[in-house]
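Colleague: Here's the letter readout for the chains.
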Amino acid sequence: MRCNSIKVTLFYIMPEGNCFVFDATNGEISKALVTLAVEKTLLNMGKPVLDEVQHRLFANYKSYIPDCYEHPEYLKNVLKELYGNCYNNIVQSIKKNLEEFITKKPIEHFLAVISE
Amino acid sequence: MQTNLEKPQTKKYLVFSILGIGFVMLAANLAGQEITSLTTNLLLVPLPGTLVVLSIIIAARFSAAGEHGRAWLLFVGLAASWFTAEQIWLVYDLVYKTDPFPSMADIFYLAGYPFLFLFSIYYLKPLKEAISKKTIICASFAAIALLTPSLYMAYDTDSEISTFELVLALSYPIADAIVLVPALIGVILFFKGEVNFLWSLVCLAIVLNVVADTGFLITSMDDSYYTGHPIDILYLWSYILFSFGVYSHIQIFKRHRPNTKSQCLDDLR
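As given, the protein sequences belong to chains A and B, one line each in that order.
Following this note's numbering, the numbering of the first sequence begins with 1 at its first residue and continues without gaps.
Following this note's numbering, the numbering of the second sequence begins with 1 at its first residue and continues without gaps.
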């Protein structure tokens with residue numbers, strides 16, 4: 001619990017060279033990691049795949065990809081809607097991107113829910 | 001991909017198109033060989049043409065990026081090659097009134113196969129978890145079972161044909177057998193309930209094309225083939241299945257207005 005209160009300064013450098021500097025808790029870092037892993041996996045498949053997932057998350061749950069950190073079932077349902085029984089392959093890819101951080105409880109929980 | 005995105009209307013149009021083409025070809029065959037030849041050649045302008053347009057739309061949507069993007073770019077190569085081949089065939093058949101085999105058309109037909117094979121590999125990639133070794137072995141055996149008699153027939157043909165013609169005649173069954181393996185895997189996945197019908201249309205189209213090629217080979221061997229032969233219905237149906245398969249992907253991955261945080265950020269950058 002104490003760990004969650006530690007503030008970490010994050011630098012997010014955008015492709016154009018602009019830079020955001022902000023403080024983040026462990027929970028926020030995990031959320032950012034999950035968001036990046038999901039976006040990277042979907043972008044690897046193609047930009048329209050990411051767009052479609054974002055669109056369905058918003059249309060069905062009024063949510064965005066970062067919100068899937070708290071509600072992994074939203075992402076799971078959207079992926080199932082799009083890819084049916086074969087969505088597991090995408091889940092495996094997300095897992096691979098989060099391999100290093102799998103020991104973190106919230107990330108472990110996120111992966112457990114989307115893999116169910 | 002057993003999804004809930006299948007639209008009954010799309011299926012209705014598909015059935016209507018298949019029945020329509022079948023009816024037109026049947027009527028043309030009853031009207032005589034010349035009418036049949038003209039009808040088939042003329043149908044082979046809009047059908048592959050539509051496929052080229054649809055494949056360009058989906059490839060442009062994915063901007064050739066990502067796994068899906070690469071797959072659809074390869075599909076554009078296939079559609080363009082086969083469209084060119086069909087038009088060359090038409091010119092030889094209707095304008096020059098000569099036998100289009102062998103001709104430049106064969107080069108474009110054969111050029112389509114590497115595109116088709118690579119496309120089907122990329123197309124199946126998201127499903128690799130669902131593909132078992134048993135499925136791959138079954139599909140491979142089926143392809144070999146089709147290849148052996150086809151190769152025998154092609155090789156056992158008229159001894160007066162040139163080496164070039166023999167190589168061309170042998171190339172088709174080999175290329176067909178290679179593309180048949182991933183296509184059959186796709187069809188098996190459909191019957192196992194892993195993928196939906198519209199998704200499997202592209203694989204079904206490949207299988208239909210391979211069957212049509214085998215039929216073409218058999219009818220060519222006994223000199224009973226003519227443009228518009230009932231076996232050509234399979235080629236026309238294959239173009240329809242390809243087109244509906246691509247169209248279903250265009251429908252799934254349609255453009256959306258920015259309504260998400262990241263999309264709004266993308267616009268601001």
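Honestly, the hints are just simulated from the structure, not real lab data.
These numbers were taken from a predicted model, which means no experiment stands behind them.
Take the hints with a grain of salt, since some may be wrong.
One side only, chain B facing chain A, incomplete, derived with CB under 10 Å [claimed, not checked]:
#1 I58
#2 R70
#3 F108
#4 A111
#5 K134
#6 A175
#7 A177
#8 I178
#9 F191
#10 K192
#11 K254
The C-beta atom is built at its ideal place from N, Cα and C for all residues, glycine as well.
Colleague: Evaluate each hint against the coordinates.
Modeller: Verification of the supplied hints:
The beta carbon of I58(B) comes within 9 Å of a beta carbon in chain A, closer than 10 Å, and the hint placing it at the interface holds. At about 9 Å, the closest approach between the beta carbon of R70(B) and any beta carbon in chain A falls short of 10 Å, and the interface hint on this residue holds. A distance limit of 10 Å between C-beta atoms decides the matter here; for F108(B) the minimum to chain A is near 28 Å, and the interface restraint is violated. Nearest Cβ of chain A to the Cβ of A111(B): about 25 Å, over the 10 Å cut. The hint is violated.
With 10 Å as the threshold, the beta carbon of K134(B) stays out of range of chain A, its nearest partner Cβ sitting at about 17 Å, so the hint is violated. Taking 10 Å as the C-beta contact cut-off toward chain A, the hint placing A175(B) at the interface is violated, the least distance being around 28 Å. A least Cβ separation of about 26 Å between A177(B) and chain A goes past the 10 Å threshold, and the interface hint is therefore violated. Taken as an interface hint, I178(B) does not check out: its beta carbon lies about 24 Å from the nearest beta carbon of chain A, beyond 10 Å.
Checking F191(B) against chain A: minimum C-beta separation of about 13 Å lies over 10 Å; hint violated. Hint status for K192(B): holds, given a least beta-carbon distance of 9 Å to chain A, under 10 Å. Restraint check, K254(B) versus chain A: the minimum CB separation of about 8 Å is within 10 Å; hint holds.
Going down the numbered hints, you'll see the structure goes against 3, 4, 5, 6, 7, 8 and 9, while the others check out.
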